[in-house]
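Visitor: Protein sequence lines correspond, in order, to chains A and B. Per our numbering, the very first residue in the first sequence carries number 1010; after that it's consecutive. Per our numbering, the very first residue in the second sequence carries number 160; after that it's consecutive.
Treat the hints as calculated values from the structure; they're not laboratory data. Predicted, not measured: the structure shown is a model, and the values here were computed from it. The beta carbon of each residue, even a glycine, is placed where N, CA and C say it ideally should be. Mixed in with the good hints, there may be bad ones.
Okay, derived cross-link-like pairs now, DSBU-like style, lysine-lysine, Cα gap no bigger than 35 Å in a straight line [what the hints assert, rightly or not]:
{"no.": "1", "chain 1": "B", "residue 1": "490", "chain 2": "A", "residue 2": "1300"}
{"no.": "2", "chain 1": "A", "residue 1": "1177", "chain 2": "B", "residue 2": "263"}
{"no.": "3", "chain 1": "B", "residue 1": "463", "chain 2": "A", "residue 2": "1300"}
{"no.": "4", "chain 1": "B", "residue 1": "193", "chain 2": "A", "residue 2": "1300"}
{"no.": "5", "chain 1": "B", "residue 1": "406", "chain 2": "B", "residue 2": "456"}
{"no.": "6", "chain 1": "B", "residue 1": "287", "chain 2": "A", "residue 2": "1177"}
{"no.": "7", "chain 1": "B", "residue 1": "197", "chain 2": "A", "residue 2": "1177"}
{"no.": "8", "chain 1": "A", "residue 1": "1134", "chain 2": "B", "residue 2": "342"}
{"no.": "9", "chain 1": "B", "residue 1": "464", "chain 2": "B", "residue 2": "287"}
Interface residues of chain B toward chain A, partial, derived using beta-carbon atoms under 8 Å [claimed, not checked]:
{"no.": "10", "residue": "248"}
{"no.": "11", "residue": "260"}
{"no.": "12", "residue": "278"}
{"no.": "13", "residue": "347"}
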Amino acid sequence: MPIRSKTFNESYYEDIKLFRTIWIKFWAVIFVAALALLPYIGDPYFVYLVNLSCLATVAAVGLNILTGYTGLISLGHAAFVAIGAYTAANLANHLGTPFWINLPAAGLIAAVAGAIVGIPCLRLKGLYLAMITMSFGVMVEYVVITWEGLTGGVRGMSVPAISIMGYKLSTDERLYFFLIAITAMLLFAANNITRTRVGRAFVAIRDRDIAAEAIGVNLTYYKVLSFAISSFYAGVAGGLYAYTMRHIHPDHFTLLLSIQYITMIIVGGMGSIVGSIFGAVFIVVAPEFIKLFAQSSARVFPVLEGRYDEEWNIAAFGLLIILFLIFEPGGLYSIWNRIKIGFKNWPFTY
Amino acid sequence: MRRHRVWTGKLALVVMLSLLTASWVFADARGVTKDGIKLGLVLVKTGPVAALGLPNGQGMVDYMSYLNEQGGINGRKVEVIWEDDQFEAPKSVAAVKKLIHRDKVLSILTTGGTQQTIANLEQINEFKITNIPNALVREFFDPLQPYIFAMGATYEAQYQCIVDYIVDELKMKDPRIGVVYEKKEYGKISLDAIKERAAKYNIPVVAELVLPTGSVDASSQIMALQKENANIVITCTLLPATITFLKSGQKYNYWPTVFGFNWATDDMIVKACDEGAKNYIGVNFVGAWSDETPGIKLARDLAKKNNREVGLTSLYINGVGVSWLFGEAMKRAGKDLSPESLKTALETLKNYETGGVFPPVNYSSTSHAPGEMVKFFKADVPNKRLVSISDWRKPKELK
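When you get a sec, could you build the whole thing from the sequences and use the hints?
Guide: What follows is the structure in structure tokens.
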């Protein structure tokens, strides 16, 4: 009789289950409980950082589907976020439609734009694709600035607070649960996409597109689909951003934002949903830790007293990307996996 | 026995309520203790526009240190906590939250530029954050925003003054205005203001050309202006683009009279362009670094004392001025300093003089509008500086 290990699987279904062990379920419950308590324990600043992390997570997951799973690089992700943000803002301001129409609409319009960009990009890879998507970002920025009737141009646009049966989500604490719920839903959906036929087709294209085509993967369809799904996530993130910041402006959606999203998935882990969360949270929260570290270091090394400024963050981000690319290309997710396996196999090393 | 217990309970309740009331009555206001005042500052320190935020913030910090050396505000020392927003609205919102909830500052000297302040508007009202934003747009004082005090002439007023100056002082026979602007909020507002004012004087605006901040060459704009025979060029661009324009003009031997607004009216323009700035006339709502007024002398002394290598002197002066107004308001608020009393104290400033740093300052409970006054400055090329060529003036009343 074989001795079953803790994660012994007898079927493919068991292998792809989301909650495979009792411990995963246990920690998931603890995590949800911690999230539910957070606004009552943390101060509003901390809650705001969590809200920002949610927005970044949704956008980063979208980019990870395109870049991490399908292997198509994009430097125009911020443009899709902008399309989503302005769609939600216009619908809310001009048609007065509720958020449950505006947010999906933001995602869908961005998805259509993504599919349109995806079609001419079918034959492109690497640097050429990066250039095309970057150019698309510049075009969107130009349209946002010049089409004043639709976007408010350089004056920006105000957005009303989300209202649920008359209850306005106008504070960070009120928005918190809403953002957590939407982010969880989108993460669940993304996780499912990656476990299905579609997700496996994406991975096959990433690993070797010619081989994928040879085994029957329709490259045109799946590449465009990947662009559309990725842009849908970016669009919803944009809509959420509009409702969170309550004012949007062309300066909020520049090339720098696209680069930040790329950083998130590199640091978090390409081709991993959990990695997107790690990366997004890390990039949003890391400056706080760097500041804390700098201030603590100043107590030990007085020469550092008062020397900290935000340039440290920029330098630290640069250094982190270099270190991750050289020593940990799998990102934070890879480290997390090793720790998990270490615990699982303890006291054995493998 | 039971009666005794009831009385004891009642007494305990009264004592507890008294203690609670006392703690509420004698509690320190946010950011104010017996011997200290905490103020926040949200201003760009790093990133592409750090050159603008750094001197501005340093001016604010240095003036507060100066007040501390003078004995503080009613015996309280001022501490300024400066958060960098990198000129990004989400970071500015985060910085304001940190300052209010973690550092518990009395108020925030400035919450940054237009976008940042708009993004923070709800917090400003909710937490009564009296502040002077680094923005010159009407929506911050018209209609009245209770905790925002506008300082510095709006873009509209600055360009109205420039067109008035062209008519009244230059007295050219056939003025032909070319406008070089940036597709940013200030550029668009300024362009509209110029066109409207020029139309009132029947002066033709012969060209409207875009010049982005990052431009390193303005040849095409210069050639377009030459083609239209523009003898006056009004720039609505920040300092770097204005420098690019003046240098390109020199290269093509094109010498119109060039006007610029406050963000481009700084000694740096003469230092960078040298002879190229000889026809430059700028407006600003702060005095020039070379002025011998008491406020400007103090600003120079503070910069020297704090070893500041001030790049953009006009912004350092602006920073000193903002802290000056806050310092005065905190003094006027007296011992009972609180977010509300600070606001009320600022509203008492009537024709308040800052020794030539700002024009006379007037606020009231019904208006937090700026004075709309500017001075004109001309390049003094041999001494590499700008010198004032007018006193404070407002746009003329036109029908």
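Visitor: What hints, given by number in increasing order, does this structure fail?
Guide: none
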